[in-house]
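Protein chains in written order, with the working numbering: chain U, 604 to 1119; chain X, 10 to 330.
No wet-lab data here; the hints were simulated from the structure.
Treat each hint with caution, since some may be false.
[As the list claims (entries may be wrong)] In silico DSSO-like links for lysine-lysine, alpha-carbon gap of 27 Å or less: (1) X:Lys181 <-> U:Lys745; (2) U:Lys743 <-> X:Lys181; (3) X:Lys181 <-> U:Lys653; (4) X:Lys181 <-> U:Lys742; (5) U:Lys653 <-> X:Lys129.
Every value quoted in this text rests on a predicted model; they were computed, and no experiment measured them.
Listed below are the residues making up each chain.
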Amino acid sequence: MKDNILEMKDIFKVYPEGVIANRNVSMDVQENSIHALVGENGAGKSTLMKVLFGITPFQGGSIVYKGKEVSFSNPREAIAAGIGMVHQHLMLAPDLSVAENLILGMEPKKGKLFFDGDTAIKICREASEKFGLAVPPEKKIKDLPIGVRQRVEILKALARNAEILILDEPTAVLTPQETEVLFKTLDGLKKNGKTIIFITHKLSEVTRVADRITVMRDAKAITTRGMEGLDEDKIASLMVGRDISTKRITPPKNIGAAKLSVRNLRYTDEDGVEALKGVNLDIRAGEILGIAGVEGNGQSELAEIIAGLIEPDSGTITLDGKSLLHCTPRQVRELGIAHIPEDRMKNGVAEATTIEENLIVDRYYKKEYNTRGKLHWNFITEKSKELIAQFNILTKNSKTNVGFLSGGNIQKVVVARELSSNPEVIIASQPTRGVDIGSEELIHNLLKAARDEGKGVFLISADLDEVLKLSNRVVVFYNGQITAHFEDASTVRDVDLGPYMLGLKKEEAASGQMDS
Amino acid sequence: MSELFSSIFSVNFGFAILRVMTPLLFPAIGIAISTMAGSQNIAMEGSMLIAAFFGVIVGALTGSLALALIAGIAAGVLLCMILGYFHLKLKADIFLSAVALNMFASGITIFLLFMITGDKGSTSSLKSPIFPNFHIPLIEKIPIIGGIISGHNVLTYVALLSVPLFFILMFKTPLGLRIRAVGQNPDAAESVGIDVNRTKMYALMISGVFAALGGLYLSMGYVSWFSRDMTAGRGFIAIAAATLGGMMPVGLLLSSLFFAFVSAVAIYIASLNIPSELIQLIPYLTTVIALAVFSGRATRKKKEKAAAEMAQKKLEQQGQQ
């Protein structure tokens, strides 16, 4: 039995708006171990770590660190005490070099006035060797892949003598291969005597690396225990309080002909980057086509082009033989495309308007919704109430501002609008990003139902588990091109996709086109 | 017309460019520093104006050039600190606050001018010291170049020296590193214990020093009096100059020279028989055109660069196979 390096007891935290984020949460972390902190979004795990790290004050409970009661009033104190945090959004200055980022705030000086760049590079090299984390000291952060940036961030904490390292959803942006490298790094740090707290909601990762686990649900800690006897399904049910399936959905039975066809699509973005370099794919009626790939490899652009939000350089897009090029978003929608955008707050809803208004924003101009410009509000309210019930949007009133809803419920508003427009093809971009497991399951079931009704579903997701759970066919995007096409996704594993996602492997003339 | 050309290719014209450049280069450096800190300071116009005014007044009252310099810089920095207070402490929009302060500077200087001299136009009734001209030994003797470079106001040389100084400050000192970090990712700076607001305030104050030097040059070098709104938009042209210069030392110098060239041409054309209103328009019109052309070119260049990199990558891949 190892000693506890950290004990958090009965932490109580209520935010100024009155939301209770931690309700007497207790958690103990053993020295020199990897401790997973899991729970749904909004379960309170990030808040608990913010309390520990001194980012936010708490109202009750105590923190005992290395046998002494502590309470940090800001991150600086936490860092000084030996606690480091790697945030989900990396805390790095993009135009500064790796070494400069590493020593920021504790700059070595030459004389009294000048910054000593050579010593900074030396410090960086030494830390890099000591902890076995390879980084290029002189390169700028913006020129490095995300996995290396994360390594810099970890090194930054270690260079400040962190003994406990908190990682907030570190694998969210990584490919399976990069994730594997990260896990090796974490194992190495453990051997070096460090303690790691690892926030995640990907259960496969927990079973892969964690020694112990704390599960949180509804602002409470359900359990803190060793990993013995736990598997993914058991952890999932602890997280949501009921049984949840992580299994793949049944494959579709009736796949029809190609509905949406994309041919030789090319697009150059404002910065001159070729985001799409000749993409070919088909989406057939009654199927879910999944797009796997690290974000930023052209998937978002493809979705926006199909939805009519941006114009491609060249190529064709047809829906049932009709061209979608040079159409306004409204025309595209009239032809039968629905679009669940990846950023719901930016492109999905107007947060300062009501649920009703957001639900009709794509159809207000139609005859049944208005007479010569005067909206039929009674009819709209009635329709909205139907949708709210059907899509299980948790709200007391259909006239509530969308901005007051939780992330999951806002996403349900978007999904309700898009699926109720009676589309032929649904573009679902990151449909469950940042929503709770309950909403995620609901949205998955809705997409499956749409598929079974004979609609074509185009699923873009950075979450490989989601892609593999829903899709019957998968294409992989890398650098604006399709690098692989799996016609039968039922036997594909995430590690099979990895090399294609990184561009290490490429199928000859890969396309998502179906021969017919 | 030929007269115009011969005057443009004269030593005097070269001299005039450096003269006109000085009150553009100072504020352009100030804007670059504040922009790198992520809080672009467009209150340069007001800061210059207020420094120009207090420099002359204190100079006239005390007869001391040193006190005039101190008063001018203090006034310019103070205005930028007020901007910082609005922006950083009260969380007001920095551009709106800066616009308000520019108008405030214009109003307060005219008001005080009237209070002190009884004249709403200028301080020509006051006798204030000016910054001396400086003849560079040896260089002075070189034909043409000597005539262009030597004999300027001492502040013109300070402006030129400010270019390397700016580089050293931003890229060779811990403060510069922190200013850049704060501008690029304030959360990152915060997470390693850097006080973001304080760092931004320092950047704004330094920008105020440069603005003040530009203003002091106008009223105590370029001419020897303060007149109402004498900055005449130089603080704004400097924003354009800083943008065209890419916020980098050499770029700032070149773009300031470019705008100075245009302004100098406008001064020389004035001898031709063209309505003076049109001529006065030239520097401002050039600013608009230059910004449009350069931003268009920058976008194209980016595209070309990306395409070239892409081609290079392809070649490398083929090479590997």
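Each hint tested on the structure:
1. The straight-line distance between the Cα atoms of Lys181 of chain X and Lys745 of chain U is roughly 21 Å, inside the 27 Å bound, and the hint therefore holds.
2. Simply put, Lys743 of chain U and Lys181 of chain X have alpha-carbon atoms about 16 Å apart, close enough for the 27 Å limit, and the pair holds.
3. The suggested pairing of Lys181 of chain X with Lys653 of chain U is violated, with an alpha-carbon distance near 35 Å, which exceeds 27 Å.
4. Restraint check for Lys181 of chain X and Lys742 of chain U: satisfied, since their Cα atoms lie roughly 17 Å apart, inside the 27 Å limit.
5. Taking the CA atoms of Lys653 of chain U and Lys129 of chain X, the gap is about 59 Å. The hint is violated against a cut of 27 Å.
Going down the numbered hints, you'll see the structure goes against 3 and 5, while the others check out.
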